[in-house]
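Novice: Residues per chain, in single letters:
Number of protein chains: 2
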Amino acid sequence: MIKTIEWKNNAIKIIDQTKLPLKLKYLYIKDLRTLWHAIRRMQIRGAPALGVAAALGVYLGIRDLRTKNFSDFCKELDSVTRYISTARPTARNLFWALERICSIAVTNRYKPIKTIKKLIFREAQKIIDEDKIVCRKIGVFGEKLIKNGSSILTICNTGALATVDYGTALGAIYRAKERGKKIKIYVCETRPLLQGSRLTAWELKKNGIDTILITDNMAATLMQEGKIDLVIAGADRIAANGDSANKIGTYNLAVLATYHKIPFYIAAPTSTFDFNLRSGRDIPIEQRNPKEVTHLFFKQSIAPAGTKVYNPAFDVTPHKLITAIITEKGIITPPYERNIRFRLRGKGL
Amino acid sequence: MIKTIEWKNNAIKIIDQTKLPLKLKYLYIKDLRTLWHAIRRMQIRGAPALGVAAALGVYLGIRDLRTKNFSDFCKELDSVTRYISTARPTARNLFWALERICSIAVTNRYKPIKTIKKLIFREAQKIIDEDKIVCRKIGVFGEKLIKNGSSILTICNTGALATVDYGTALGAIYRAKERGKKIKIYVCETRPLLQGSRLTAWELKKNGIDTILITDNMAATLMQEGKIDLVIAGADRIAANGDSANKIGTYNLAVLATYHKIPFYIAAPTSTFDFNLRSGRDIPIEQRNPKEVTHLFFKQSIAPAGTKVYNPAFDVTPHKLITAIITEKGIITPPYERNIRFRLRGKGL
Chain A
0 MIKTIEWKNN
10 AIKIIDQTKL
20 PLKLKYLYIK
30 DLRTLWHAIR
40 RMQIRGAPAL
50 GVAAALGVYL
60 GIRDLRTKNF
70 SDFCKELDSV
80 TRYISTARPT
90 ARNLFWALER
100 ICSIAVTNRY
110 KPIKTIKKLI
120 FREAQKIIDE
130 DKIVCRKIGV
140 FGEKLIKNGS
150 SILTICNTGA
160 LATVDYGTAL
170 GAIYRAKERG
180 KKIKIYVCET
190 RPLLQGSRLT
200 AWELKKNGID
210 TILITDNMAA
220 TLMQEGKIDL
230 VIAGADRIAA
240 NGDSANKIGT
250 YNLAVLATYH
260 KIPFYIAAPT
270 STFDFNLRSG
280 RDIPIEQRNP
290 KEVTHLFFKQ
300 SIAPAGTKVY
310 NPAFDVTPHK
320 LITAIITEKG
330 IITPPYERNI
340 RFRLRGKGL
Chain D
0 MIKTIEWKNN
10 AIKIIDQTKL
20 PLKLKYLYIK
30 DLRTLWHAIR
40 RMQIRGAPAL
50 GVAAALGVYL
60 GIRDLRTKNF
70 SDFCKELDSV
80 TRYISTARPT
90 ARNLFWALER
100 ICSIAVTNRY
110 KPIKTIKKLI
120 FREAQKIIDE
130 DKIVCRKIGV
140 FGEKLIKNGS
150 SILTICNTGA
160 LATVDYGTAL
170 GAIYRAKERG
180 KKIKIYVCET
190 RPLLQGSRLT
200 AWELKKNGID
210 TILITDNMAA
220 TLMQEGKIDL
230 VIAGADRIAA
240 NGDSANKIGT
250 YNLAVLATYH
260 KIPFYIAAPT
270 STFDFNLRSG
280 RDIPIEQRNP
290 KEVTHLFFKQ
300 SIAPAGTKVY
310 NPAFDVTPHK
320 LITAIITEKG
330 IITPPYERNI
340 RFRLRGKGL
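First to last, the protein sequences are chains A and D.
Each residue of the first sequence is one higher than the one before, starting from 0 at the first, in numbering that gives the first Met the number 0.
Each residue of the second sequence is one higher than the one before, starting from 0 at the first, in numbering that gives the first Met the number 0.
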């Protein structure tokens with residue numbers, strides 16, 4: 000598997016995902032501002048990968064600080080995390096990673112700043128290592144839901160390119176393939192930024208998986224023709240009641256799957272859950288540049304000049320349309336509010 | 000209004016719709032082969048406009064025939080109409096126009112070939128003139144379904160560019176605007192060929208209508224947010240039971256509208272109805288070039304080389320999801336089989 004994000008040569012090494020599938024180009028990011036723009040421009044994207052980018056980003060932002068005073072250090076750390084958190088608002092994992100890094104600093108506040116810096120770097124590395132394990136566990140659980148001979152519909156990219164190296168929804172698909180199951184994957188191209196055609200088709204093909212690309216508006220007719228056995232999507236933020244924000248178009252697929260009586264699964268690590276939000280209504284939805292819709296790759300115009308655009312990057316699928324949520328801690332089924340609390344937070348009923 | 004297709008300078012004059020919205024370029028088509036390719040390449044498209052193109056195309060194909068013998072003329076006419084009918088399979092109007100032109104020849108078989116040629120040309124002109132009246136009537140009936148202040152979702156292009164000069168579904172919208180109603184139109188970009196962003200956004204803007212462009216996968220979230228009051232789409236072929244084939248993505252919108260309890264209308268002339276087909280299952284669906292999905296405008300690659308694609312140009316919306324069908328003979332509501340027979344064919348119950 001390719002490595003989407005890692006620490007190498009004193010820098011964050013990422014695949015520039017805006018260049019795929021035409022070029023596999025790596026970037027070495029050495030400063031915070033470049034990282035912020037890489038997240039904003041989606042050179043790195045995918046909720047779990049954004050968690051890793053945020054964690055490593057904090058280290059980039061604090062590693063050269065000269066202060067030896069914890070209070071000053073803390074102010075700087077706060078300013079760095081605030082800055083990173085403005086890059087993109089929806090993916091929970093980004094905020095989860097920032098909180099985790101900050102709590103390392105607080106827990107070790109009596110240690111020398113140099114040590115705290117090391118511990119922060121170590122925590123970021125831990126997030127990377129954990130992501131690999133978490134994705135494989137999601138794969139193991141998710142695979143159980145895939146029967147031999149299945150045709151699966153997916154959207155956006157939830158594979159190696161959205162995580163450190165394996166994937167969430169695509170993790171289940173990779174695992175099914177590893178277990179010798181014969182599967183066929185229909186990939187929604189995922190306008191406007193085409194993560195389906197550019198990224199998912201690219202990595203599935205690389206991994207020898209039978210892949211068929213469709214435009215987003217073809218999913219309904221595939222289901223009508225009986226060509227889809229199940230839908231698996233990822234998530235960017237999941238509320239305490241199971242409502243799930245994911246790439247725009249996911250809610251569309253959930254409605255279609257419900258109408259055609261096809262199982263609809265969400266696959267995501269527990270770091271995607273936001274237990275502070277009671278329902279999906281509270282999830283902040285990023286509105287992006289209209290040029291993503293009116294131009295291809297911000298260059299070629301495909302709409303009349305001055306066309307008004309509505310461009311939400313995500314939508315929210317209500318929990319009642321979700322058959323199950325696949326996490327590294329197991330498969331969660333309805334009733335979600337109760338089962339999320341019980342399974343993920345270890346809280347009694 | 001712009002003229003999408005007309006007879007001028009001894010040629011078929013059309014707008015080259017593959018060049019919009021960047022260029023408003025006219026083509027003068029003087030031979031049958033060029034016409035065939037113009038239809039196939041969708042330089043001219045839209046079911047009613049294809050009817051006109053087919054009718055004028057027959058005239059192009061037979062005007063220079065030297066024979067004075069009806070039997071020889073008829074063989075050539077048959078070969079011309081067969082050739083045109085292979086350009087695209089789904090739009091009923093194309094076949095309807097060919098049949099209409101052929102029956103003119105048969106009815107006048109005892110007249111001189113020169114006269115028959117003139118009558119064929121006159122019939123093609125009649126189809127043009129009728130299309131203008133039919134669209135305005137569809138507009139008058141359709142407008143009644145649009146309340147002041149409505150937000151309307153539409154797909155593909157069903158306006159002036161899909162007809163001679165006014166439109167079917169967009170005809171209803173133009174009429175609502177003419178009657179002073181305040182309306183807002185959300186336009187699905189309509190992948191893969193982007194008729195929504197390239198053509199509909201262009202002509203709505205030109206006519207001063209408040210237009211917002213979305214990618215196809217955003218329709219669901221708009222409905223969830225309560226932003227859509229009704230959906231109007233066109234049709235390429237309607238079966239005797241009301242099942243309607245239209246641009247890929249239409250069935251998706253019909254399922255979404257049903258789920259969100261939003262009215263879903265089809266607007267089409269009676270020439271779109273195929274009374275020989277009992278249901279939508281019998282409608283031939285055109286599969287098009289995979290490059291439409293993997294490349295933008297057949298040039299810029301947006302998917303890995305060699306990606307497999309499923310690319311049906313149309314889907315079929317079952318009649319049970321259609322709130323009403325707007326025709327030039329009035330608004331048809333369920334039960335469709337009975338009401339189509341009664342209203343459009345004048346057959347008793």
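Think of the hints as simulated: they come from the structure by calculation, not from any bench.
Some hints could be false.
When chains are identical, the list treats them as one kind, so a pair holds in a single copy or across two.
[To be verified] With a straight-line cut-off of 30 Å between C-alpha atoms, the simulated DSSO-like cross-links for lysine-lysine are:
1. K260 <-> K298
2. K183 <-> K117
3. K298 <-> K113
4. K183 <-> K307
5. K319 <-> K260
6. K24 <-> K290
7. K116 <-> K290
8. K125 <-> K290
9. K2 <-> K110
10. K29 <-> K226
11. K24 <-> K183
12. K110 <-> K74
13. K110 <-> K180
14. K307 <-> K24
15. K74 <-> K260
16. K181 <-> K307
17. K346 <-> K67
18. K67 <-> K143
19. K307 <-> K18
20. K226 <-> K2
21. K290 <-> K22
22. K180 <-> K29
23. K290 <-> K18
24. K226 <-> K319
Novice: When no copy is specified for K67 and K143, does a C-alpha distance of 30 Å or less occur within a copy, between copies, both, or neither?
Specialist: neither (52 Å within a copy, 74 Å between copies)
Novice: How do K183 and K307 come out at 30 Å by Cα distance, when the copy is not named: within, between, both, or neither?
Specialist: Result: close only across copies, 11 Å inter versus 38 Å intra.
Novice: Regarding K110 and K180, is the shortest C-alpha distance of 30 Å or less found within a copy, between copies, in both, or in neither?
Specialist: neither (52 Å within a copy, 70 Å between copies)
Novice: With identical chains, the pair K181 and K307 could be close in the same copy or across copies; at 30 Å between alpha carbons, which is it: within, between, both, or neither?
Specialist: The answer is between: 17 Å across copies meets 30 Å, while 45 Å in one copy does not.
Novice: Evaluate K319 and K260 at a C-alpha cut-off of 30 Å and name the case that applies: within, between, both or neither.
Specialist: Answer is both: 13 Å inside a copy and 17 Å across each meet the 30 Å cutoff.
Novice: My question is about K125 and K290: at a cut-off of 30 Å on alpha-carbon distance, are they close within one copy, between copies, both, or neither?
Specialist: For K125 and K290, neither the intra-copy (37 Å) nor the inter-copy (44 Å) Cα distance is at most 30 Å.
Novice: Within a copy, between copies, both or neither: where do K346 and K67 come within 30 Å Cα-Cα?
Specialist: neither (40 Å within a copy, 92 Å between copies)
Novice: Within a copy, between copies, both or neither: which one fits K307 and K18 at a CA-CA cutoff of 30 Å?
Specialist: both (27 Å within a copy, 21 Å between copies)
Novice: Can you tell me if K183 and K117 fall within 30 Å by alpha carbon in one copy, between copies, both or neither?
Specialist: For K183 and K117, the Cα distance exceeds 30 Å both inside one copy (45 Å) and across copies (56 Å).
Novice: Indicate which option fits the pair K24, K290 if close means a Cα-Cα distance not exceeding 30 Å: within, between, both or neither.
Specialist: Classified as both; 24 Å inside a copy, 25 Å across copies.
Novice: One pair to classify: K116 and K290, alpha carbons no more than 30 Å apart. Within, between, both, or neither?
Specialist: neither (40 Å within a copy, 51 Å between copies)
Novice: Indicate which option fits the pair K290, K18 if close means a Cα-Cα distance not exceeding 30 Å: within, between, both or neither.
Specialist: both (17 Å within a copy, 20 Å between copies)
The structure fails hints 1, 2, 3, 7, 8, 9, 10, 13, 15, 17, 18, 20 and 22 (numbered hints given earlier, in ascending order).
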